[in-house]
Amino acid sequence: MTGTMEVRQDEIAAAVAGDEPAFAALTERHRRELHVHCYRMLASFDEAEDAVQETFLRAWRGREGFDGGTLFRAWLYRIATNVCLDQLRRAARRPVRGDTLSEVPWLQPYPDARLDAAAPADEGPDAVVVERETIELAFVAALQALPPRQRAAFLARDVLGRSAAETADLLGTSVAATNSALQRARATMQRRLPERRTEWSTGELSGAERALLERFIDAHERCDAAAAIAIAAEDLRVTMPPYPYRYEGLAAVVPLLERAFGEDREGDWRLLPTSANRMPTAASYLRRPGDSEYRAFKFDVLRVEDGRIREITTFGPELFPRFGLPATL
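Once you know that position 122 of the sequence shown is 122 in this note's numbering, the rest is easy, because the numbers rise by one and skip nothing.
Some clues are possibly wrong.
Here are the simulated SDA-like pairs of lysine to any residue, each with C-alpha atoms no more than 25 Å apart in a straight line [claimed, not checked]: (1) 298 - 207; (2) 298 - 328; (3) 298 - 325; (4) 298 - 308.
Since the hints were derived computationally from the structure, they do not count as laboratory data.
Owing to the predicted nature of the structure, the values given are computational and were not obtained by experimental measurement.
Based on the provided sequences and hints, a complete structural model is requested.
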């Protein structure tokens, strides 16, 4: 063979032989897709970071175990999957049973800027496809209802598009056991996912979603509760991981708006548009009385349906740096 494939094989050979810079360069090109895979498994951006680092460490220590009989990427995925399974085992998390994001207190948003980071030109057809349907918060939360090995089987087959044999190899089990786990996982996911998830077909925010986000920001900066209510669905749901709070319907949400926007509010608001998990998102900053700066306060991730905001998932400011956002304005 000549050309790119020959160079690639030379890179792999050098890396496996112990060339640390070559190994680092080879593994680094897969960081993005492995991070997304670990995020789907763990539902936590921070835990996915740790999992990828552990994956690279295990790969380096076990590099002599790579026999060249499989794709290097597939070998890394196998290691990453086992790292995630080990983390889930140590955390002793039971599969969630509720049907809202409040049931997943460890859930964190994923910056779209990381999803859109340029992938290497030679990744080819095996590169992970970050489709909207498989990264939205509802999908990631639903995955947490699956036992870990079912979760891994479902991701390998229905998200990564691996064959039954490849998935069995990934999990170190038989094809029959893998297919059984996949059937159970598919049944659970079908019960838990929103019926209209097929509408999540585009990676980019639509013009309507961007316009609605602008109206959401304007209403908050003007402290206009009526304007905020006007763009919300009657069955609006608000959740706030890691807290168990859940507000169902406008009647339950209106008191929150009145407290945030009324005369006795904590301060004034400035909001910046961003996006997380392929969903329109507002980063809110609060300037309290007597303060000269607006300080990072929260994220609101919006699920839009039929031109209205159907769900708001609110997160704290801890991940502002991950989104490239300043701590103050």
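Cross-check of the supplied hints:
This hinted pair checks out: residue 298 and residue 207 have alpha carbons roughly 24 Å apart, not beyond 25 Å. With a CA separation close to 12 Å, the supplied pair residue 298 and residue 328 stays within the 25 Å bound. Annotation: proposed proximity of residue 298 to residue 325 holds, straight-line Cα distance about 12 Å (limit 25 Å). Straight-line distance between C-alpha atoms of residue 298 and residue 308 comes to about 21 Å, which keeps the hinted pair within the 25 Å bound.
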